[in-house]
Amino acid sequence: MGSRTSEQAPAAAGVPLRPTASQGLKIVIVGGFGVGKTTMVKSVSEIHPLSTEEIMTQAGVGIDDASSVQDKHSTTVAFDFGRISLDEYRVLYLFGAPGQERFWFLWDQLFAGSLGAIVLVDTRRLQDSWYAIDRLEFHQMPFVVAINRFEGPEPALEKVRSALALADDIPLVDCDARQRQSCKNTLITLVSHLARRSGQPAAWETTP
Amino acid sequence: MSQRPVDRESPDRLYTVTGGRTVGDEDRFDLVSLIVSERDPAPGMQSEHARILDGCRAPMAVVEISASLELPVSVVKVLLRDLLDTGSITVRHPNPHPVTARLPDRETLKQVLVGLQNL
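Chains as they are written, first to last, in the working numbering: chain V, 1 to 208; chain Z, 1 to 119.
The reader is advised that the hints may include incorrect statements.
Pairwise CB distance ranges (calculated) [claimed, not checked]:
#1 Z:Asp27 x V:Gln127: 32 to 38 Å
#2 Z:Met45 x V:Ala112: 28 to 34 Å
#3 Z:Arg28 x V:Ser162: 43 to 49 Å
#4 Z:Tyr15 x V:Arg180: 40 to 46 Å
#5 Z:Gly19 x V:Glu158: 54 to 60 Å
#6 V:Leu126 x Z:Tyr15: 22 to 28 Å
#7 Z:Arg81 x V:Asp87: 46 to 52 Å
#8 Z:Thr86 x V:Leu126: 49 to 55 Å
#9 V:Glu154 x Z:Arg21: 50 to 56 Å
#10 V:Glu88 x Z:Pro43: 33 to 39 Å
From chain V, some residues computed to sit far from chain Z (all C-beta separations above 10 Å) [unchecked claim]:
#11 Leu86
#12 Gly113
#13 Glu137
#14 Phe150
#15 Arg161
Since the hints were derived computationally from the structure, they do not count as laboratory data.
Predicted model only: the values in this text are computed from it and were never measured.
A virtual CB, placed ideally from N, CA and C, is assigned to each residue, including glycine.
Please build the complete structure, drawing on both the sequences and the hints.
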């Protein structure tokens, strides 16, 4: 990937965090292949999106059998991320997570301690989103759904809500992953949703 | 999203980097734990350790270290464990509250919203 850095140049060396940075926060963007996750990260990140990887072993699949460990086949899964320094102390990391079922291992690590998730949807491939939504509900991870509008006629939001069997209280918005303002609004929609869930007073809540 | 065998990633290198120690669950570090060096690299130090100490003069998230070293996250966590055990780094954890807390605290959400609105 083009976002790879060379051996000699530490990735974020060009744009170090503030010395006061003390709290890293996570939001995960999940969706099928090619839906625009990295594009969204790039649109709002203060650094060029970076790519890294995690080793995915088959340990934990549910088979506690030593013989299966012998020929255990490890793979690595790559994922992209970017970051936004929110203030002196808080840094928000945005992760693009593949939505396919075989990446569940990565999901668990990405979602641990996350604020919430954005499910990025391509209406031409709605079925790619079903597993992601199921898994998020299973994890009780709060999320919003954003339709990345591609060219051509698109179904209305309510039709998509129905097709995804989304509950009424889950925000569903249009977005353009290429547009910074649009991505920013989607993030604000998510955080406002989180605030409502946590019983925040409406005083500081905004409607994006 | 690519998925490729570790075999093509020279497993010997990963083995050497971690000294053969187990790469396993490491809950002392989150992907976004911020790491800060507490000392300069010393001569003769393992090169990956030295690069981490160099890179973390300003705070750097675990996942950023992983990207810069081009090593999987779990391998980086093993290296960080070494550095933490010797007092060479400090860790700024993502959540000042217990990890078990389901929802982020109100103040954090409020400040995240303010930060996003100011982008």
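Here is what the structure says about each hint:
1. Our hint of 32 to 38 Å for Asp27 (chain Z) and Gln127 (chain V) holds, since their Cβ atoms are close to 34 Å apart.
2. For the hinted restraint 28 to 34 Å between Met45 (chain Z) and Ala112 (chain V), the CB-CB distance of approximately 31 Å keeps it satisfied.
3. Distance hint check: the CB atoms of Arg28 (chain Z) and Ser162 (chain V) are about 45 Å apart, consistent with the given range 43 to 49 Å.
4. Take Tyr15 (chain Z) and Arg180 (chain V): their Cβ atoms lie about 43 Å apart, and the range 40 to 46 Å holds.
5. Checked against the hint of 54 to 60 Å, the pair Gly19 (chain Z) and Glu158 (chain V) passes, with Cβ atoms roughly 57 Å apart.
6. Here the CB-CB span from Leu126 (chain V) to Tyr15 (chain Z) is close to 43 Å, at odds with the stated 22 to 28 Å.
7. In this structure, Arg81 (chain Z) and Asp87 (chain V) break the distance hint of 46 to 52 Å, their C-beta atoms being roughly 30 Å apart.
8. Taken as a hint, the range 49 to 55 Å holds for the pair Thr86 (chain Z) and Leu126 (chain V), whose Cβ atoms sit roughly 51 Å apart.
9. The beta-carbon spacing between Glu154 (chain V) and Arg21 (chain Z), approximately 51 Å, falls within the hinted interval of 50 to 56 Å.
10. At roughly 35 Å, the beta-carbon separation of Glu88 (chain V) and Pro43 (chain Z) lies within the given 33 to 39 Å, and the hint holds.
11. With a minimum CB-CB distance of about 3 Å to chain Z, Leu86 (chain V) fails to clear the 10 Å threshold, and the non-interface call is violated.
12. At the 10 Å boundary, the C-beta of Gly113 (chain V) falls inside the reach of chain Z, the nearest C-beta of that chain being 6 Å off.
13. Every CB of chain Z is more than 10 Å from the CB of Glu137 (chain V) (nearest about 14 Å), matching its label as outside the interface.
14. With 10 Å as the threshold on Cβ separation, the claim that Phe150 (chain V) sits away from chain Z holds: the shortest Cβ distance comes to roughly 19 Å.
15. No Cβ of chain Z approaches the Cβ of Arg161 (chain V) within 10 Å, the least distance being about 24 Å, so the stated non-interface status holds.
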